[in-house]
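*Asks:* Here is what each chain is made of, one letter per residue.
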Amino acid sequence: MVKSIKEVMPHIAFGGDYNPEQWSEEVWLEDARLMQEAGVNLVSVAIFSWSVIEKKEGQFDFAWLDKILDILHSHGIGVALATATASPPAWLSSKYPEVLAVKPDGSRYQVGSRQHYSPNSKRFLESVRKLVTEMATRYQDHPAVKMWHINNEYACHLAECYSEESLQAFRKWLKDKYQTIDTLNRKWGTAFWSQRYNNWDEIHFPVNLPTFYNPSQMLDYKRFMDQAIFNLYKTEKEILREITPDIPVFTNFMYEFKPLDYFEWAKELDLVTWDSYPDPREGTPFRHAMHHDLMRSLKDGAPFYLMEQVTSHVNWRDINLTKKPGEMRLWSYSTVARGGDGVMYFQWRQGRAGAEKFHGAMVPHSSNPESRVYQEVKQLGNELKKLDRLVGAKTKAKVAIMFDWENWWAVELEGKPHNKLSYLDQVYQYYKVFYEKNIAVDFVKPDMSLDKYDLVIAPMLYMIKDGESAHIENYVKDGGTLVVSFFSGIADEQDHIHLGGYPAPLRNLLGLTVDEFAPMADDEVNEILTNGQRMKVNLWADIIKLEGAKPIAHFTQNWYKGKPAITSYRYGKGTSIYIGTNPADDYLTELFSGLLTQLKITAPFNTPPKVEVAERVTGEERFLFFLNHNDDPVTIKLEKGKMYTSCLTDEEISEEIVLEGKDVAILSC
Amino acid sequence: MVKSIKEVMPHIAFGGDYNPEQWSEEVWLEDARLMQEAGVNLVSVAIFSWSVIEKKEGQFDFAWLDKILDILHSHGIGVALATATASPPAWLSSKYPEVLAVKPDGSRYQVGSRQHYSPNSKRFLESVRKLVTEMATRYQDHPAVKMWHINNEYACHLAECYSEESLQAFRKWLKDKYQTIDTLNRKWGTAFWSQRYNNWDEIHFPVNLPTFYNPSQMLDYKRFMDQAIFNLYKTEKEILREITPDIPVFTNFMYEFKPLDYFEWAKELDLVTWDSYPDPREGTPFRHAMHHDLMRSLKDGAPFYLMEQVTSHVNWRDINLTKKPGEMRLWSYSTVARGGDGVMYFQWRQGRAGAEKFHGAMVPHSSNPESRVYQEVKQLGNELKKLDRLVGAKTKAKVAIMFDWENWWAVELEGKPHNKLSYLDQVYQYYKVFYEKNIAVDFVKPDMSLDKYDLVIAPMLYMIKDGESAHIENYVKDGGTLVVSFFSGIADEQDHIHLGGYPAPLRNLLGLTVDEFAPMADDEVNEILTNGQRMKVNLWADIIKLEGAKPIAHFTQNWYKGKPAITSYRYGKGTSIYIGTNPADDYLTELFSGLLTQLKITAPFNTPPKVEVAERVTGEERFLFFLNHNDDPVTIKLEKGKMYTSCLTDEEISEEIVLEGKDVAILSC
Amino acid sequence: MVKSIKEVMPHIAFGGDYNPEQWSEEVWLEDARLMQEAGVNLVSVAIFSWSVIEKKEGQFDFAWLDKILDILHSHGIGVALATATASPPAWLSSKYPEVLAVKPDGSRYQVGSRQHYSPNSKRFLESVRKLVTEMATRYQDHPAVKMWHINNEYACHLAECYSEESLQAFRKWLKDKYQTIDTLNRKWGTAFWSQRYNNWDEIHFPVNLPTFYNPSQMLDYKRFMDQAIFNLYKTEKEILREITPDIPVFTNFMYEFKPLDYFEWAKELDLVTWDSYPDPREGTPFRHAMHHDLMRSLKDGAPFYLMEQVTSHVNWRDINLTKKPGEMRLWSYSTVARGGDGVMYFQWRQGRAGAEKFHGAMVPHSSNPESRVYQEVKQLGNELKKLDRLVGAKTKAKVAIMFDWENWWAVELEGKPHNKLSYLDQVYQYYKVFYEKNIAVDFVKPDMSLDKYDLVIAPMLYMIKDGESAHIENYVKDGGTLVVSFFSGIADEQDHIHLGGYPAPLRNLLGLTVDEFAPMADDEVNEILTNGQRMKVNLWADIIKLEGAKPIAHFTQNWYKGKPAITSYRYGKGTSIYIGTNPADDYLTELFSGLLTQLKITAPFNTPPKVEVAERVTGEERFLFFLNHNDDPVTIKLEKGKMYTSCLTDEEISEEIVLEGKDVAILSC
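Taken in sequence, the protein lines are chains A, B and C.
Be aware that the first sequence starts at 1, since it is given in UniProt numbering, and climbs by one per residue.
Be aware that the second sequence starts at 1, since it is given in UniProt numbering, and climbs by one per residue.
Be aware that the third sequence starts at 1, since it is given in UniProt numbering, and climbs by one per residue.
If you are wondering where the hints come from, they were derived from the structure by calculation, not from laboratory data.
Misleading hints may appear alongside valid ones.
Each pair may be met inside one copy or between any two copies, as identical chains are not told apart.
With a Cα cut of at most 30 Å, we get these calculated BS3-like pairs of lysine-lysine [stated by the list, open to error]:
1) K56 x K122
2) K187 x K237
3) K550 x K237
4) K56 x K452
5) K103 x K172
6) K67 x K187
7) K55 x K172
8) K6 x K394
9) K432 x K3
10) K545 x K662
11) K563 x K324
12) K662 x K103
13) K95 x K267
14) K103 x K385
15) K385 x K465
Based on the provided sequences and hints, a complete structural model is requested.
*Replies:* Take a look at the structure:
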């Protein structure tokens, strides 16, 4: 039986990627000593070590890795041991060119950076199996190994492959899915533009076309590639589970990452981990907060690890701003506040050579122990030691936002009424309202249970699959409150239109129909009138015909002025609200303020602007996080007469707490 | 003998593309019923039906099409039957990959959207011949079939092919044209950059070059591809003429479409038809009006059909604005006003699947008969029934603008003094003056007869071919008025410079020479002084030396201030005017107002701004069109004491007519 | 022994590229006559004549070229005879496709423009050898031939090739350089991202990668291609030297040209020549001045030729502004003022056909002798005849700017802290201060002798190679003044970090260390406070820790406010100044004004703004150049009581000189 994460790591994990193969042995002991000093308790090793472990086909050299693991263990540092499959060695693609991924034009990617393999290469999978089996066998009993880190940031550079082998795999996948070519023709709507297929071998990739692709085909290609890459992961996992059944496994996710359906992937991970690189230009990292909440939601609220962040600045943006003093610590605590039990970095020691040598690290190029960056790392690492009892604590949310990768893929396919809409931007817009009110939010797939939530929001849920509308109707019928925004409920899982009047699967629930769409030009704005107030809207207007719903706002301009823009409908014991346009933030804030009051959902505390508050609970204890994103101090009133303990300073606190600019407090009560 | 269009369709044609193969049979009867209700009298069928007609090579299934044609005929709806060749089936390219077009990098286009064939593939042409022969034979006597709709929007996505077979065809085309390689070397100026060829097989496409191409070669490549595609059309036409000698044939043109020389194509069409999709952002669609006038001019003023427009919004722009209530009707009448005898749509029923499912249609996704879109369609279809006696009426213009596809190709080749000039923008600029004055304009090729016209304008006629300058000189000598704008008369048909001082072939006629060109930077403006007024000019200044011409405006700034910008010259019995810069609209309006007064060319009526007026005449009757593009009502004074009949309302009208916003009147007198 | 340039051309060279093969014979004599009239004494012939010289493989036709050379010689016009290798003929690539360069996607460039050959093709090199041998043999004794013009603008369109033959050559080059694969692995840092190679055949080009390349590999690829192209040049040179040991040879360089390390190339040229096409939009062409100074510096101050400029406007920009009256003359004298002994044009007669027919020339399309362009050419050509005694005169500079092509390559590789920095812009910024003060500046490579200079500036010298830091330290130790700007001294010649605290190789010399970099966002500015003044800085801030240096300016904003931005340090007998940010021009002007005063470096004269002053000296004479870039006249005070001779007017001048707008004076004293 696989051990729990808390079992193998009963602390807030702190550390980073460690690449000792880039350094000579004399550096290794110094590294271990510095890690101890900095409070490091976990490092990821061997992520990019394939070529130094298996130097030639079948010739494995583990001596150096044995030594590293022994040194780390003797210094009390745990290891998330990588399977080393992230970047295949030159000898592999040199001997077997078929492992290389292929571009739409037919040319092959080459060795020289990383991740150049085709996810559909059987030869590659074979080599992966061999390497992982060797790794697992070698280190199954090494006491330093706490977890397995499978591969690295799957698909981050290469989520598509157009090789002949991939084409055969795509055809096989389609055949497995649709069984008969007639079914495929129907499901792809090939009567359009004379695209009918007689057999599977006539099917090609949806690229190299003179004009628009078949959207059903493109959607299936995205599903196929997601599953092909998922299959790589599952293959590794199976081997590891077989040889080391008690060691937890994971891979590290990314943020705003469209190609992989992480809800599905998370089912096969023992721990959700992700890599976060918000641009400091953003100021208050509310997007970063949303990703935390999403990652926490992937496995039903289980704590996750932030597997990579940077201490200072990255090197892959056009201009790489550096985090100001205190920001790295502050943002790290945002991770913990929103459900993270691990705060890790890429990477331990800043590289001397290669493409990422200007990417910040825990130990900078100078190795100077007085450098600002290292000092901040050391402070944080030692502080986090005080939070052992927080490990495993949960977040309780009464609000959920629907989020669906397949909807993301579908709604951003070409050929829509408005082709500059961004699904993420729509989700951000709704999330932001709650972030700024310090109301906890979970994310749910449309088919997941909604019972826990008093309020559910479905921003631009274009794709509604079989069964989902009944599921959502039941939620409202039983008393839930649902908010649906424009361009929802339009297409089925094949990206075919739900006929019968938009949004057909939600018409009953919403009490209306949308007669037509009126997208707005880039610089176009309209206004809605609601409760005597006029507020800006843009991007889109639905021309709504009411079928029971009541208008709560009307358009004031253009030919549809006076027509309803936003409606409310009492359905069963619940309420459904439809937002047939894109309102500015002020309207959404007002709308949801009212709803939250009605539903009696409140934030833990009232705080000044840009103070992030979050709560985690264990069976015994309640932890309150206060993060001051301002440069200046703020004062927060606490619950009258109640006594709190500051987890970081061990002080007793009551009445109020004063937080310096960029400072953090964690109060227990 | 082929029947006339009026013979086969004695009404204003109304209908659209009809793709029943995308729907089950139960929908077909409903479609026919709705078509009747909406006043549809013509539909285009089978445009994208190859793969359901010829399901496998040589196996034809006409049963469904028989049934459709019978249903339509029994409901009194005529058919423009397509030859179904627009999108070849998957089995064809799967079996014969050589039918696929090839990109410059050598990779092949693939099946999965449409129009992926190489125009130079003999194998493709062979399959086309077979299909068209079967279609024509099958339906030669079907009473529903009024016309043949050949292929669809030739070259709209794919006007170039770089296959080996295309290369052989290009070499053969060159050999046929130039006979000897020495001639080609001379005509292409291959002494430049050591490009001399010893034989035809050394010649390649003008792509994959390290730097600028040979412009003569590129121009020939454009000619070659135009003719290769034209050959596809002519091959189909010949078969149809052979089997059905009395049925008219056409293909549907596009707007602003550079690759095909429609003046040449029109000679082989029995009816000019075109597809129009103006962006509603534009407001008043004057470009759309210009295309109408161009299309009418292609066959010497014969009425044309608008073969495709959209009821509401398209789906292939970044943001697809929808036509406001009334606009679709208004713009449809612009078609009729400017010489159109057909108002058709893409498409009848909005698709459920595929790349165009969000493209508007006559029957929307909801099938709701109360939907705004269907209501407007039905109103228009039934109104148009009142205009039978208009069919075949002509437009009489005294003004012509020279327009030449080969000039378009040449003047926009790279390596010019100013490489951001747009030929169409230059033409628009001159056209717009007349559009706003409601003066009818024809378009003519430089070698066409100019006898009918009192005023001819040649905007940026960079290329003057052998014989054309004499032809143009004669026009002025005999009393015509000619206006020529900058960068005209520079190159011959090989894009070689006419030596001897710009613009050599027009110097005599214009009474001047241009010593040099002074292009202006993006944000640069200059001014001209004319009759004491100062007016803005930009883009370009010619440094003019007068050789008889009189200056009518001078530049006021930069080193050439005081030098002539615009000149006038009495030549023979006529006048030639040269515009050596790019004046703002106000100057052109003033210049042409004066010329029109002198030449006694007047608009049918004086109207408020944004009211479009046009006139069509038959032997018996004069039809006056008034189109109010404003949102508010306008009043138009009619000829004192004259009685008019409103064709749409059958009312008798005199003195004045009041038009609501977006409304239309057609008066007969 | 090769003759000196002065020996073969004792005048200021004046003329241009001459392509008689594009014209019929009757034009040739007219050309020679006009050349005489215009003062032409040198033309470049046969640059693009391969296909008319060697019409088929091994069949040479020199008859036409014999005739041309005879005509030119009989008119007293010298010839820089090209080796004709710039654009290979169609028969060559047709017969031997392996001579064609290859793109990253594997497709081949094609014949049809120019320079389509692979620099690594042995077959191409073989054909070059044959042609050059024939040319040299044929014309070794022709009296018109003054110099050899090898090829043309090497690599201007094609500085990269990805053919299989190039790959083999790259691998061989690497093997020759590194000897063992272990050394390569170390020097490329292949432990990063598992990039370790077992043997040379596993290495590929740094393209077609899923993400960032290995910077050490990319740097070597740039070196390899530079050297491969250099090898083409040297091969030609060797043949010419062998057959015509006394005739000087050169190739023509370009401006702002990154791919070729011209410092290295210049060692193999008997004369530095370059092609200059400043955009007239720039106004005062200070960049053009900097290129002149750089070109003069390439061969230790030897006079260079401006081999190509345009009389009026080019045709390859988007919009090609024309030089105003007087500008062509003025800018030509800037060439002479800064050390040029030749003023040449592309080209003599404006082409009638081909890609460059709208590129200005000495004789325009009209052939009109009254045209402005020809008139200005004639005036200049005849004026320059008065400057024979200037030929060979030198420029004396006390200030040098370090410039290094390898640094250029390295600092602009991807993955830096700030990826929008331009090396040239940094250099321009420092150069401009001296240009505006009319202080002469040389350019030096970091490893060249600095003894002549009182002040040396190293802008963004990111790469410091072995030995260079000691060399630079010695310069300061011995009394020199050195200014170093931010992001200098960071990497070694492999683009590996110099560990030990930035900028490790310069820390001793500068008396400080940089703890971290803080790049600024696009719109971000900061301020420095210096001597009570506040001045803007942007782009970058170094976080400096002083180790002996004294701060002379501090930042005033952001989290590092109060920290030093600019420092000064007394080192040995000299001074080192560090600029840890990007100051606006005003600060640099103030800083260097102070330094120049301290170092007693003065301009020849104080002049009004936009008057360029420069000085050249021979053993006997001092020449002062005054160039008025203003449109209005200026007055310049001369040295009290001193007598000058105007070289262009032969007048005696004292006290002051008045220069008309765009006018030039050359005074001798």
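*Asks:* Now, for every hint given, state plainly whether the structure supports it.
*Replies:* Status of each hint after checking the structure:
1. K56 x K122: within (19 Å within a copy, 34 Å between copies)
2. K187 x K237: Neither way: K187 and K237 sit 33 Å apart in one copy and 36 Å across, limit 30 Å.
3. K550 x K237: Classified as neither; 52 Å inside a copy, 59 Å across copies.
4. K56 x K452: Close neither inside one copy (54 Å) nor across copies (56 Å); limit 30 Å.
5. K103 x K172: Both ways: K103 and K172 sit 20 Å apart in one copy and 28 Å across, limit 30 Å.
6. K67 x K187: between (56 Å within a copy, 25 Å between copies)
7. K55 x K172: For K55 and K172, the Cα distance is within 30 Å only across copies (23 Å; inside one copy 34 Å).
8. K6 x K394: within (13 Å within a copy, 78 Å between copies)
9. K432 x K3: neither (36 Å within a copy, 67 Å between copies)
10. K545 x K662: between (50 Å within a copy, 24 Å between copies)
11. K563 x K324: Between copies, since 14 Å is at most 30 Å while 49 Å is not.
12. K662 x K103: neither (46 Å within a copy, 51 Å between copies)
13. K95 x K267: This pair counts as neither: shortest intra-copy Cα distance 36 Å, inter-copy 43 Å.
14. K103 x K385: Neither. Shortest intra-copy (48 Å) and inter-copy (55 Å) distances fail the 30 Å Cα cut-off.
15. K385 x K465: Cα proximity of K385 and K465: none, with 46 Å in one copy and 45 Å across.
The structure fails to meet hints 2, 3, 4, 9, 12, 13, 14 and 15 from the earlier list, while all remaining hints are met.
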